[in-house]
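Peer 1: Take a look at the letters that make up each chain.
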Amino acid sequence: MSLTLYKSQRPPSEQLESAELDVTPVMNMFIILIPFLVSMAVFTNLSIIEFSLPPNVGASMNSSPEKPKPKLTVRVGTDYFGVVLGDTLYDSLSVNNGIYPFDELEERLRSRKLLLAANDDIVIASLDEIAFKHVVKVMDVCRSAGFVNVGLSSATVSPGGEMK
Amino acid sequence: MSIVKGMANSEIDGTFRPQLTSLIDVMTILLVFLIKSFSVDGNLITPSDDLILPVSSSEKRPRQQCTIEITGSAIIGEGEIIAKLNDVAATDSLLIEPLFKWMKLKSTQCGDSLKGRELMIQCDRELPYSNVKKVMYSCSRAGFNRFSVLVIREE
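So the sequence lines, in the order shown, correspond to chains G and Y.
Going by the working numbering, the first sequence opens with residue 173, and the numbers climb by one from there.
Going by the working numbering, the second sequence opens with residue 21, and the numbers climb by one from there.
In short, the hints are calculated from the structure, not lab data.
Beta carbons: idealized from backbone N, C-alpha and C, even for Gly.
Check the hints yourself; a few may be wrong.
[Stated by the list, open to error] Which stretches of chain G does chain Y cover? Using the computed rule of at least three CB atoms under 8 Å from a CB of chain Y, they are:
| id | stretch |
| --- | --- |
| 1 | 200–212 |
| 2 | 259–268 |
| 3 | 279–285 |
| 4 | 294–301 |
[As the list claims (entries may be wrong)] In silico DSBU-like cross-links for lysine-lysine, where the CA-CA straight-line distance does not exceed 35 Å:
| id | chain 1 | residue 1 | chain 2 | residue 2 |
| --- | --- | --- | --- | --- |
| 5 | Y | 80 | Y | 121 |
| 6 | G | 241 | Y | 126 |
| 7 | Y | 56 | G | 309 |
| 8 | G | 285 | G | 241 |
[What the hints assert, rightly or not] Restraint-style ranges between C-beta atoms, simulated for each label pair:
| id | chain 1 | residue 1 | chain 2 | residue 2 | range |
| --- | --- | --- | --- | --- | --- |
| 9 | Y | 65 | G | 293 | 57 to 67 Å |
| 10 | G | 293 | Y | 132 | 44 to 54 Å |
| 11 | Y | 115 | G | 291 | 10 to 20 Å |
| 12 | G | 251 | Y | 48 | 26 to 36 Å |
| 13 | G | 269 | Y | 124 | 42 to 52 Å |
| 14 | G | 290 | Y | 99 | 16 to 26 Å |
| 15 | G | 210 | Y | 81 | 35 to 45 Å |
| 16 | Y | 45 | G | 286 | 34 to 44 Å |
| 17 | Y | 135 | G | 286 | 50 to 60 Å |
| 18 | G | 208 | Y | 65 | 39 to 49 Å |
| 19 | G | 301 | Y | 121 | 36 to 46 Å |
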């Protein structure tokens with residue numbers, strides 16, 4: 173009698189005989205869905221960075237007789253970054269043991285943008301031997317500092333060793 | 021009798037039924053992860069296997085446009101080797117003659133002269149800037165004036 177009472181207090185699910193759930197349709201759905209999703213999955217997200225060329229190059233050659241207004245320029249050398257406007261060198265940041273001071277460059281560019289009331293244009297002039305990844309990083313830094321229109325140019329080293 | 025009652029039906033009729041609960045758990049987790057990373061657009065651009073793209077914080081999505089790949093050994097357009105990098109490095113001239121001719125032929129397919137002709141450059145991250153400079157110059161001479169570089173978006 174006591175056993176009967178105890179049995180009646182158990183939840184209804186446990187009172188039933190062990191019912192076996194047929195999971196075959198669920199497994200079929202998984203087997204179809206998972207290969208489909210794996211084939212469509214995007215594991216590396218790609219982006220683009222748009223840039224322009226200097227006005228005196230090729231198709232974008234400036235036909236205007238007026239001399240183009242100088243833009244703020246970041247010179248990328250093997251051992252330093254230089255922030256230049258026209259012939260004036262405003263900032264020079266040295267590269268220590270091959271590590272480029274990107275954070276410091278961003279701060280300097282922000283302050284120069286305010287002080288010089290520069291517009292959103294900037295030119296990156298890099299030496300030939302600089303790895304492309306550093307040039308892309310400088311493009312990022314310039315955009316973070318508020319320079320939306322980035323142009324790419326090249327820097328040259330004068331016979332005296334000075335970068336131009 | 022009680023022993024027989026306690027046995028599962030499968031054991032009675034002699035068939036083996038595997039426990040699928042753990043497998044379904046794994047499948048469910050996998051499904052949730054894949055649905056989360058699922059992109060309806062997918063990648064419109066497939067970068068070449070021969071190059072490692074630079075990383076950038078840019079979030080501008082790539083669109084279908086004319087592309088030039090600069091790998092460690094060659095300049096490639098539409099899967100065709102246009103110039104070897106050794107030959108490009110050997111000359112001081114900014115103009116890469118084979119690339120210029122190839123781009124001149126393709127220029128009509130890559131936009132019109134009024135809106136501007138667009139070109140996307142895929143370049144290996146470790147290559148020197150001089151290669152990109154020469155490619156940009158040659159393409160610019162062939163009539164291209166809107167450039168972009170393909171990068172891997174920084175997470």
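Peer 1: All hints, please: hold or fail.
Peer 2: We went through each hint and held it up to the structure:
1. 200–212: holds (count 6)
2. 259–268: violated (count 0)
3. 279–285: Per the Cβ count (0), the hint is violated.
4. 294–301: Result for this restraint: holds, n = 4.
5. Y/80 x Y/121: holds (30 Å)
6. G/241 x Y/126: holds (33 Å)
7. Y/56 x G/309: holds (29 Å)
8. G/285 x G/241: holds (16 Å)
9. Y/65 x G/293: 57 to 67 Å: violated (27 Å)
10. G/293 x Y/132: 44 to 54 Å: violated (25 Å)
11. Y/115 x G/291: 10 to 20 Å: violated (32 Å)
12. G/251 x Y/48: 26 to 36 Å: Between residue 251 of chain G and residue 48 of chain Y, where Cβ atoms are some 55 Å apart, the hint is violated.
13. G/269 x Y/124: 42 to 52 Å: For residue 124 of chain Y against residue 269 of chain G, whose Cβ atoms are near 45 Å apart, the range 42 to 52 Å holds.
14. G/290 x Y/99: 16 to 26 Å: violated (43 Å)
15. G/210 x Y/81: 35 to 45 Å: The hinted range 35 to 45 Å is violated for residue 210 of chain G and residue 81 of chain Y, with Cβ atoms some 22 Å apart.
16. Y/45 x G/286: 34 to 44 Å: violated (56 Å)
17. Y/135 x G/286: 50 to 60 Å: Violated - the Cβ-Cβ distance for residue 135 of chain Y and residue 286 of chain G, about 35 Å, lies outside 50 to 60 Å.
18. G/208 x Y/65: 39 to 49 Å: violated (22 Å)
19. G/301 x Y/121: 36 to 46 Å: violated (28 Å)
Going down the numbered hints, you'll see the structure goes against 2, 3, 9, 10, 11, 12, 14, 15, 16, 17, 18 and 19, while the others check out.
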